[in-house]
Structures are given as C-alpha cells and as structure tokens.
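A.B. asks: Taking full-length UniProt numbering, I'd label the letters of the sequence shown as residues 1 to 294.
Treat the hints as calculated values from the structure; they're not laboratory data. Take these hints with a grain of salt, some might be off.
[Stated by the list, open to error] Computed spacing ranges between beta-carbons, pair by pair:
#1 Asn118 <-> Asn59: 21 to 31 Å
#2 Pro289 <-> His134: 42 to 52 Å
#3 Leu89 <-> Lys14: 17 to 27 Å
#4 Glu291 <-> Asn21: 45 to 55 Å
#5 Asn21 <-> Gln286: 43 to 53 Å
Computed from a predicted model, the values in this text were never measured in an experiment. Where a beta carbon is used, it is the ideal one built from N, C-alpha and C, also for glycine.
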Amino acid sequence: MTTTTLLCCELAQKIELVANNKFKILFTTMQSAPTSKPDLERSGLPCFIPNSLFFDFENEFVDKDASFSNMMPCVDVFQTAARRLGLNLEDEIVVYDDFGNFCASRAWFMLLAMGFTNVKILDGGLPEWLNSKHPTQKVLASPIATSSVELKPSANFGFVGADYISNKLSMLVSPKNTTDLIQIIDARSNGRYTGAEPEPRTNMRSGHIPMSSNIHYASVQVNGTFKSYNELVAIFENEKIDLSNEIVISCGSGITACIIAQAVFSLGASRVKVYDASWSEWGASQILPIEISQ
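Work out the full structure, taking the sequences as your base and the hints as a guide.
C.D. replies: Quick look at the structure:
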C-alpha cells in the first residue's frame, strides 16, 4: 500500500520542519462546494494549522478561461502559481481542507499530475486537527520565499477531457492491446449514477458514462479519513476494478473523483486519470452517449 495520508499526530511533530523551507503545509477549501462544512466549534475561527499556505484552486491554480468551473490550468499557469507559493518538486507537502476531506484530494492529485511526488493529505483535515487539540493560528502564512520550480508533468497521472474518454470507449469495443483497456469509475451517488435521482444542475441529463462502474466517493472514507487497506481492497474488488488497467474517474465536476483517485493510487494503481469537467460536461451534452440503470 502506498501511503498518501498523514495523521495529525505525525504532522504535529513535523511543523517545526517548515523553517527549512523543504516542508510545506497547504490549506485548501472550496467556497462553491455543494456540501456543508463540519461545525468547527472553536473560539477565534477562522483558524488554520500553523504555517499553512493557501492552495487556491478556485482562483489561482485554475484555468480562468475554461467553460467549466475549477478546471486544471495549463503548465505555465500552474507553474507561476507554484513559484509564488515557493513550491519545489523535492518538497514534502501536506494538504488539508476544512471539510475533513472533500477537496484536499483534488489539490493532492493536481500536484501529483504536475510532478510533485512527495505529497500527502492530512487524514481528517482541519476537523480532526481541532478534535486532537493541536495548536492553530488565525491567519494563513506567507511564503518564506518564491521558487524557480520547473514542473515535470506526469504521463501516468493527470486530467482528461471528453474526447479522451470517447476515444477510449471506442477502443474498448475491440482492444488491440492491454494499454487500450481502461476502467471508468463514477464517484457520484448511486441515485445519480443510475438516473433515479435528478441532477443538481439544471439542463443536465441523468445517467452515467457507458461501461462505467459506480463507487461513491463517500464509501471510501469515514468522517474524512480513508478506510483501511483491506476495506478499500474489498470495495474495489466488489466492483471488479482491475487496478492494472488505466483507471479513469468521473464525478459531478472533477472534485470528488480525486478522492477515488487517491484511494486507487494508495492501492497500487499506476495509471490514473480524472475527467476534469466530469458530468457537468458529459451530462450537458446532447451528443455524448449515456446509460441509465434499472
């Protein structure tokens, strides 16, 4: 199992390492999230883990010209934002959010896609940090220094669009070799996957991408912490997910798909893609094929 999370007690022991500028703590959040945040009952809110920098994927690490919200930016835009935060490829990075884990995995996967290989999320996020009575500060930190990082995007982990999935679906009809084989996982609720529940967005079809399996992102976590290795193995085996294939994950808008991406990565998947616009694009199209389950 590849460890992709850090416990609060482990982070508490590492905080002093921030001074050497090779250990970075990144806070992220999602103001437009369709889910509510836990009730963080502590005086002086807002609060953050000491020395936290802000990884803002809604306004900085984002393609501002995209037709859909919170899309992954090009390398140049990401690199410019990473330099402002002082990030380097050799840094040890811990990401957390104030939900537990709703969007921290999105930041984790974005960094992985751009060549950062030593990245973890804080298991349970800020709620667990507060529950553990660790210290906080009222403001986010400023970078100690900028960087001149040269990103090296990964060939095996990244974001894809509708054309990529359409091409892969056509290959599944008569695959010529094992590299053509993909498995698509839909991270939305089962009701949205089957089409039994209406989509929360207007003018959106119900159903799912053909030949996709359904594993709801909430099923791999408990209170913002990932389930055990054996529990995760059982979940993916139950859906007959072969992790030796390329795994492509979709959700509503590319956020919670990254939770499933982190789960399969931790189990050893070596080729993982996230459909960035996800159902906000596929469901809005009148051309792309869909299936509805009974």
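A.B. asks: Hints numbered earlier in the text: which of these fail when held up against the supplied structure?
C.D. replies: Hints that this structure does not satisfy do not exist here, as all of them hold.
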